[in-house]
Amino acid sequence: MFRKLSLLIASLALGGLAASPAGAQLKVVTSTTDLYDIAKAVGGNRITARHIGEGYQDPHFIEAKPSFVLQLRNADVWAFVGLDLEIGWMPLLLDGARNPRIRQGGSGYLDVSRAIPLLDVPRGNVDRSQGDVHPLGNPHYWLDPENGRRIARLFEAKFTELDPEGAAVYDANEKNFEARLNAVERTWADELGKIKGQPIVAWHTSWRYFAEYTKVNIVGFMEPKPGVPPSPAHLAGLIQTMKRTGAKVIVMEPFYDRKQADFVAAHTGAKVLILPPSVGGLKGVGDYLSVMDYDVKQLAAAL
Amino acid sequence: MRVLTALCLSMAAATTMRGQVPTTPRDSAARAKAKADSIARADSIALVRELEKLQGARPDTTSRVTGAQGPTNPRLLPDFSAVGDFVADLSPKGSTQEDGTRIGVREVELAVQAAVDPYFRGDVFLGISDEEGISIEQAFLTTTALPHELELKIGRFLMPVGKQNTTHRHDLHTVEYPYVIQKFFGPEGQKGTGLWLSRVFAPFGFYQEIQLTMIDRIAEKNDSLETGVAVNRTLGGLGYSARLRNYWDLNESTNLEVSAWGLTGVREEPTLTAVGNINALNARQTTGGLDFTFRWRPLQQGLYKSFILQSEWMKQSTRSVSGFIPGPLCRDMCPPVAIPVFVATERTNYGGGYVFARYQITQRGFIGARYDQVQDPEFAGGTTHAGSAYLEFFPSEFSKITAMYERYAPPAGIDINRILLQATFALGPHKPHPF
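Keeping their order, the protein sequence lines are chains A and B. The opening residue of the first sequence carries number 270 in our numbering; numbering runs sequentially from there. The opening residue of the second sequence carries number 3 in our numbering; numbering runs sequentially from there.
Since the hints were derived computationally from the structure, they do not count as laboratory data. Hints should not be assumed to be uniformly reliable.
[What the hints assert, rightly or not] Taking lysine-lysine and the DSS-like style, the derived pairs with C-alpha atoms no more than 25 Å apart in a straight line are:
(1) A:K494 - A:K512
(2) A:K528 - B:K307
(3) A:K465 - A:K484
(4) B:K193 - B:K223
(5) B:K307 - A:K494
(6) A:K552 - B:K307
(7) A:K540 - A:K517
[Unchecked claim] What the simulated footprint calls covered on chain A by chain B, stretch by stretch (three residues with Cβ under 8 Å from a Cβ of chain B suffice, anywhere in the stretch; the number is not a length):
(8) 325-332
(9) 369-375
(10) 496-509
(11) 524-530
(12) 558-566
C-beta atoms are modelled at their ideal positions from N, C-alpha and C, and glycine is treated no differently.
Throw the hints in and build the complete structure from the sequences for me.
Next comes the structure, spelled out in structure tokens:
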């Protein structure tokens, strides 16, 4: 009796936290808002989706709050960026969740990076003298629309594997997602033409995939090494580099302090451009297509 | 032997013949369904590849490396890591360190961590110091596949008594544990060897966790104390603890954790006089406490701003020993021999706690302050006060430099000014510590 009462209270309480759509079968939790948005696009009403990080938050430094454990303990799928992006907090959450389905080796453990052609995979010896280097490769791959498609296909495969009855729905949703992405992409012809080959500076290596896609030329980074704050000596060198290359835009995420970027901009005549790296990174940029669309158009406008 | 061989051959033949029996439509359907299921369960990556081929995915023209390259740890090596903890004591009236050093390596911690098998993870932490040599700080198996959100640890661990006790000393925001922990449990906190069972639940919509332990003993064995009977002779002499954690997100930037806990067990308490080699009595000690942690960290500016307010208060009750009288009054805690034995004649109740705050001033810099108050068992319950201030600098996530000033006021004697500098570093994939 007590057990039934507890279960009733628990379900009511949790129901208040997360209203599940009718007919939902798979509970999906993602580490980032980008994976969340693509998972929702593919899963539709057959899944419930939640995300741990916010788009305006540095995904490297998310706190492993116990409330996230509650999201994960009943999850069927845990989808994460991988490549050690979540290394500082994911192990705590997975240990805390005590959910074998989403532990490594479980059916719901989905390392999305394994479907992605990677950039910046270090060669030779790697150590922390190189900063917060990611030994397995650059994890910010979602900022290339082609990788957005790969992520969608991976979700379709995983959801179909776990919920075969929904295969047709997932297939249709995935195709629809790609079609919408293709349509948006076709509107960027002018912008991509304008961006191609232009020199810019980025704060962090998170814009490498975006640069590969747009063919913009990143001539320097605000960080002297990944994850290391700018030093005066580095900024002095960067100013010289920008003057030499003619870089007129400094691209940065909304979660970095822009004072140093403003300092460099003041000495080079460049413009500081804050771009959302993820869904929800800025107000009004609420889905994956909007992020890509906003970033491409804003960069083109700034150049 | 021939008979056995013939039997095996006949069984094998029978199996083969069964395999050759014509299939019925129902069998075919079942097999087709099984095949479909196995295809459905095939590796997701293979499916993605297939889809890419079918849909004529854009060929990669860059020097990219595809993620699915095989295992990154083909030899299944565990994670090895090390933490160095150095302390310099610049106090004006001399060193205040246990070993009397002005500049010393307080401890080096070596950790080996890995999944043991599909059911357990293993963690081993060895502490190395000039004073203690090599010691097992922690070593435990943790279950990874128990149902009902249960987790069991087997081994030695930092006990879930309060908030800071579960944090390694080198990872504290302060240089040393709060005095209430040092005075009640020792300078390195309360450890235990035994079983730890915990369960996460949320009947009221917020995070709750119950943590129960059963440990061999609540205090390290002191070889100079002899009671004539082991503290863990009966199951009642083992250590038992329970802690209930409660956690709330107040909003996306702030959260609150409030916990209550209790620990009871038996330990050796020295007596004023000795009979033969008996110079101590097994005495029950019970400690209970409350801890409270408030955190603020705005998500967007989380790299640069954060604040923690933390407090713990606890009460410890111990039988005190004041003399010896003949055995009949001694009851169950005394040696089972007909000699005059020591007896607990009164109970001491000491309390204490601290309040700690820490504010982030830059991406790498923090300031903090702590106020301690504890009824010191070493001074028969006289109250020790201490106020300390901290400046922390993190060159990176893997190194830390802390400066501390403290005004320490013991119940007897003169107040002491303490100035400590601490440097710590971590090598290797040191696992993140609990939230």
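Each hint tested on the structure:
A threshold of 25 Å between alpha carbons decides the hint, and for K494 (chain A) with K512 (chain A) the separation of about 21 Å falls inside it, so the pair holds. Simply put, K528 (chain A) and K307 (chain B) have alpha-carbon atoms about 15 Å apart, close enough for the 25 Å limit, and the pair holds. At roughly 5 Å between alpha-carbon atoms, K465 (chain A) and K484 (chain A) fall within 25 Å of each other, so this suggested pair holds. The straight-line distance between the Cα atoms of K193 (chain B) and K223 (chain B) is roughly 12 Å, inside the 25 Å bound, and the hint therefore holds.
Of the pairs offered as hints, the one joining K307 (chain B) and K494 (chain A) holds, with about 22 Å between alpha carbons and a cut-off of 25 Å not exceeded. Of the supplied pair hints, the one linking K552 (chain A) and K307 (chain B) holds, its CA atoms being roughly 21 Å apart against a limit of 25 Å. Between K540 (chain A) and K517 (chain A) the alpha-carbon distance is near 6 Å, which keeps this suggested pair within the 25 Å criterion. Given a C-beta distance limit of less than 8 Å, the hint that chain B covers the stretch 325-332 of chain A holds, as 5 residues qualify and 3 suffice.
Given a C-beta distance limit of less than 8 Å, the hint that chain B covers the stretch 369-375 of chain A holds, as 4 residues qualify and 3 suffice. Only when three residues or more bring their CB closer than 8 Å to a CB of chain B does the claim for the stretch 496-509 of chain A stand; here the count is 3, and the claim holds. Under a criterion of three residues with beta carbons nearer than 8 Å to beta carbons of chain B, the stated coverage of the stretch 524-530 of chain A is upheld, 3 such residues being counted. Note: the stretch 558-566 of chain A has 0 residues with beta-carbon separation from chain B under 8 Å; the three-residue rule is not met and the coverage is violated.
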